[in-house]
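Given only the sequences and the hints, what does the whole structure look like? Please build it.
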Amino acid sequence: MTFVDDCRREWKRLRVPDAVANEMAAELTADLEEAALEGASPEDVLGYAVFDARAFAAQWAEERGVVGPEPAPRRRLVPLAFVIALGLFLVITVSGVALLVDGGHFASARVAVGTNFPAPRIRKLLVPPPSRPFARGERQRVFILPGARRVQLTALPPPPATAGLVFLGVGLGGIVVTLATWLVLGARRRVIV
Amino acid sequence: MATTERRSSQLLRGVLDLCLLAVVADEPAYGYEMTKRLRSRGLSIVGEGSIYPLLGRLERDGLVDTYRAASDGGPPRKYYRLSESGRRALASGVSEWASARDAIDAVLGLHATEVAA
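As given, the protein sequences belong to chains A and B, one line each in that order. Mapped onto this note's numbering, the consecutive letters of the first sequence carry residue numbers 1129 to 1321. Mapped onto this note's numbering, the consecutive letters of the second sequence carry residue numbers 12 to 128.
Misleading hints may appear alongside valid ones.
Claimed, not checked - Okay, derived cross-link-like pairs now, SDA-like style, lysine to any residue, Cα gap no bigger than 20 Å in a straight line:
#1 B:K47 - A:Y1176
#2 B:K47 - B:R24
#3 B:K89 - A:T1157
#4 B:K47 - A:E1171
#5 B:K47 - B:S19
#6 B:K47 - B:G73
#7 A:K1140 - A:T1130
#8 B:K89 - A:P1197
To be verified - To be clear about the criterion: a stretch of chain B counts as covered by chain A if any three or more of its residues have a C-beta under 8 Å from a C-beta of chain A, and this derived list gives those stretches:
#9 21–29
#10 65–78
It should be emphasised that the hints constitute simulated quantities derived from the structure, not laboratory data. Backbone N, C-alpha and C define an ideal beta-carbon position, used for all residues, glycine too.
Put into structure tokens, the structure is as follows:
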């Protein structure tokens, strides 16, 4: 490995354009060869720089202003949008699981009450959903007033199991789509680089 | 002794660009040829860094123009010649050097007179 070879390696590392590197290498080689023919040492041509080819090459390229731009650092940070999307879908998924596992705490009750007015018979009444989630073990109290027909029924939300499944599906689907998009975009970026 | 060498090195480093401009002022030269011209006038760069980075800076700053031409029996060489802005820079630098040298001579010369007396 000659002094000029070492310089070439350094210029390549510094992304000096090939044409410029070749020109500098040719200039240096010709001067060193002429000095050798005259019996002069490389030190006569290069001074103390002869002892450190890399520093010499780097300084020359820098002074000429031909050092290439630094390669762009690879983006290691996950794009914020993907992180936010994943977080959102994760929350939805967990909510779905919670609804499926613990849905009873949000369920409205179906009760059967017997009435004897105007005629004895069994009627099934739907009780409006509770105003707050039940604590574990807490039960809803249902007050049956005389004339149960006056119980005001409100529209019920979808059954908790259905809501849980919907949440779970949306959450898992979102996670899969987000990850797939992320991987595809990442692969394309690597190909471009 | 070491101090003397260091001072000489620092003095040369401060004006080496002017010296390079000066040795191609009359006739273009390639790198090693410039080194030989400096040496023939009493300046050795052995203790200094190479002239190539400095030539690179002069080229980048437009103070020298370059061209390739065949040398005597050898491969084509890269020649340096003074540009117009280089000629102005050389004139300005020589003037600065002369002023500095006169001022230093005035101080050191006075001291030399005192020592002699």
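Status of the hints after comparison with the structure:
no., hint, result
1, B:K47 - A:Y1176, "17 Å, holds"
2, B:K47 - B:R24, "17 Å, holds"
3, B:K89 - A:T1157, "11 Å, holds"
4, B:K47 - A:E1171, "13 Å, holds"
5, B:K47 - B:S19, "19 Å, holds"
6, B:K47 - B:G73, "23 Å, violated"
7, A:K1140 - A:T1130, "15 Å, holds"
8, B:K89 - A:P1197, "26 Å, violated"
9, 21–29, "violated (count 0)"
10, 65–78, "holds (count 5)"
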